[in-house]
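2 protein chains.
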Amino acid sequence: MENTEDNTPKQHTNPPASVAPADVESQSTSITSVLRRWKREDYLKKGQVVLRTIGFFFSLLSFIIMAANRHGDWKNFDQYEEYRYLLAIAILSTFYTIAQVLRQIHEFSTGKYLLPHQQLNLLDFAGDQIMAYLLLSASSTAIPLTNRMREGSDNIFTDSSSASISMGFFAFMAVALSALLSGYKLITQTYI
Amino acid sequence: MENTEDNTPKQHTNPPASVAPADVESQSTSITSVLRRWKREDYLKKGQVVLRTIGFFFSLLSFIIMAANRHGDWKNFDQYEEYRYLLAIAILSTFYTIAQVLRQIHEFSTGKYLLPHQQLNLLDFAGDQIMAYLLLSASSTAIPLTNRMREGSDNIFTDSSSASISMGFFAFMAVALSALLSGYKLITQTYI
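Just so you know, the protein sequences line up as chains A and B, in that order. End of the first sequence = 192 in my numbering, gap-free, step of one. End of the second sequence = 192 in my numbering, gap-free, step of one.
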């Protein structure tokens, strides 16, 4: 059984548990499993790009809506620490997600990686998970204040605040899903 | 090479990538790798029990401190939705963590599992991750209100509130770490 392509690295990582240890069979199954793994990693990367792009748009919206939320007197977002916190995290998340998307597109087009795979995957996961926690924390923090203001009066200031908070939550969901994918990539990485 | 113990299941999951496909060698390395995996899974389970026990104690403290936080007039926790939210999540987390710890101790002592491994691992991970998000959300929500009250006056009510919030954060950290372990267990599970 030497008619296999030579440019396929013959690694034996993770063959299905049901494979009999016969040499010929395991050789061919390990090659198909490697091909399957490559395809799966490709899907994962594309999924991450999509989720982070979604996260980027929602973060950007949250950031812009909150930053424009100045209507004079007590209706300025910067008088409330909750809204300042949300704005700060939305800005951070905007930069983080766009940086990750650009890095991944750069990797797709050139095939070059800024760091070794292992460190990249770790950074990916830690970054996504921490960003998800921050977005959730900032969005939930801003809710009670908005609620209390709306009991009094419902105006453009409170409406913008709620819009910004909702966008923050959507960004959280996208980034949290991306963190799941990153975690999966981190654990199933191959050490070549 | 038939002198291997018969009570060791001959699964070929995840041998190290450097193994040459010679039959004899791969047989013995796969057995040591299985033993190593068992030991690792054992460590993971123990780590989860420890982290969830820590999470249980902090949730319980957060719950008790907040529930006892009634000092008359405006100094009752139940007049503020933030504190009610934190109390609710602390109670939920207390029950969740103690249930998981008791379940795991039951598994250790009897070797019986309530559900198939795969479903258990999935439930474990989803539960831990959602609980971590809820704890973080509840703790961060309660901070600005407490901050604002402390600007006016610093009394036993605000002190108890901050104590309860801190305990909530510690519980979050323990449960978030447990979620990492659960995620690892979920992905590296064997499909026997």
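Treat each hint with caution, since some may be false.
Ranges between beta-carbon positions, derived for each pair [claimed, not checked]:
#1 B:GLN118 / A:THR32: 19 to 29 Å
#2 B:LEU114 / A:THR188: 47 to 57 Å
#3 A:ILE130 / B:TYR43: 22 to 32 Å
Everything labelled a hint here was simulated from the structure, so no lab data went into it. In this text, a Cβ means the ideal position worked out from N, Cα and C, and glycines have one as well.
Practice task
State, for the Cβ atoms of LEU114 (chain B) and THR188 (chain A), whether the hinted interval 47 to 57 Å holds or is violated.
Solution key: With a Cβ separation near 27 Å, LEU114 (chain B) and THR188 (chain A) fall outside 47 to 57 Å, so the hint is violated.
Practice task
Could you check the hint for me, namely that GLN118 (chain B) and THR32 (chain A) are 19 to 29 Å apart, CB to CB?
Solution key: holds (23 Å)
Problem - Supplied distance hint 22 to 32 Å, evaluated on CB atoms of ILE130 (chain A) and TYR43 (chain B) - result: 25 Å Cβ-Cβ, so the 22 to 32 Å window holds.
The earlier numbered hint that this structure contradicts is number 2, and it is the only one.
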